[in-house]
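There are 2 protein chains.
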Amino acid sequence: MDTSHLTWKEIEHKEVYRSRIFSVRDTKSRSPGGEVREFTIIDAPDWVIVAPLITTAAGEDAFVMVNQWRHGSGSLSMEFPGGVLEPGETPEEGALRELSEETAMKAGTIVHLGTMGPNPAIMSNHTHFFCAYDLMPLPSQKLDDDEYVDSVIINAGEVARNMGKPPYIHALTAAALALFITQAPRSMAF
Amino acid sequence: MDTSHLTWKEIEHKEVYRSRIFSVRDTKSRSPGGEVREFTIIDAPDWVIVAPLITTAAGEDAFVMVNQWRHGSGSLSMEFPGGVLEPGETPEEGALRELSEETAMKAGTIVHLGTMGPNPAIMSNHTHFFCAYDLMPLPSQKLDDDEYVDSVIINAGEVARNMGKPPYIHALTAAALALFITQAPRSMAF
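Chains as they are written, first to last, in the working numbering: chain A, 80 to 269; chain B, 80 to 269.
Same shape as in the complex, but just chain A:
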């Protein structure tokens, strides 16, 4: 399929702001029709998210979730474990690390479900989505001194039924659920 009628070309860019966790870049690009327009893009490290499925003692599918304060929303948020990929780490290593740090669970099986832009309109980074099975408990969470995270086990159908309502307010957790439902080798009943 010829997509040249949709394709822009970047002409120039410069960094205009930098914080601890992202930087901002102003760009000029030429449109398919020849106009030059300015855009602002946020550059940040990649993120990882992992949907960890367990079977409860009652034989039900359940997710291991984390409940934590989010400073953007100024509220609690119930999410799949995840975080920022560290330098040198593969996405799979980052997913396993975040899972073990936040939930004190080690995954026997981890599967890549897809990689997307958290917001390709204005962000250049990627989010790598995984699911995990065959979970085994570790001695304890391993949180930074400013991390306050509850790890909780919630029926998978309950997670699905409540997605999009507080405290299930993180769109990247909903994206992970979509990939889990549509891509995972073993999905869940809901």
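If you're looking for bench data, these hints aren't it; they were derived computationally from the structure.
Everything numeric in this text was worked out from a predicted model, so none of it was measured.
You may find that some hints are simply not true.
Quick list of in silico lysine to aspartate or glutamate cross-link-like pairs, EDC-like style, CA-CA up to 20 Å [to be verified]:
id, chain 1, residue 1, chain 2, residue 2
1, B, Lys88, A, Asp125
2, B, Lys107, A, Glu171
3, A, Lys107, B, Glu226
4, B, Lys244, A, Glu94
5, B, Lys107, A, Asp223
6, A, Lys107, B, Asp225
7, A, Lys244, B, Asp125
8, B, Lys107, A, Glu226
9, A, Lys221, B, Asp224
10, A, Lys88, B, Asp223
11, B, Lys88, A, Glu226
12, A, Lys88, B, Asp224
13, B, Lys107, A, Asp225
14, A, Lys107, B, Asp224
15, A, Lys244, B, Asp223
16, B, Lys88, A, Asp229
17, A, Lys88, B, Asp229
18, A, Lys88, B, Glu226
19, B, Lys88, A, Asp225
20, B, Lys244, A, Asp229
Got chain A sorted already, so can you dock chain B onto it with the hints?
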């Protein structure tokens, strides 16, 4: 449930950067344990996304999607229609407007599926998710002079099977698919 062991309190904030489409705010907040930490938050208008379902002549479920260049990813992206909510607009009005502008379709029925933070860790705004049914064609798209958007109709199962792989790279489209599958009054076969 007592969540005071997870709840932070903002002490002060100041705007440190402003672009056409978002601003950046540095904040200081006090943790549940009493430490003061700094955070950087992106403020932006709310966004809307709408998953429009139609039945093809062959009797199959299909989505009306849009294919467009995204400057963050520097690539094409196949997405549900959506965009930035305009001042004074309700989320439902914004969803209907974006749908008609980008796809030249008017929705007879629109249903709110949920409202989430696109990234509650670092962004304060919301994304409002809808699905639409009973679509009727309008004379033409209504794009800004720097918008180049193809409107395409794609089998719903194909969309679900390919989510997370190019060109299905927009995580908020995956989030909309999750809410469509789990919350819509009439979902799809896939």
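If any of the earlier hints don't hold here, list their numbers in rising order.
1, 2, 4, 9, 15 and 20
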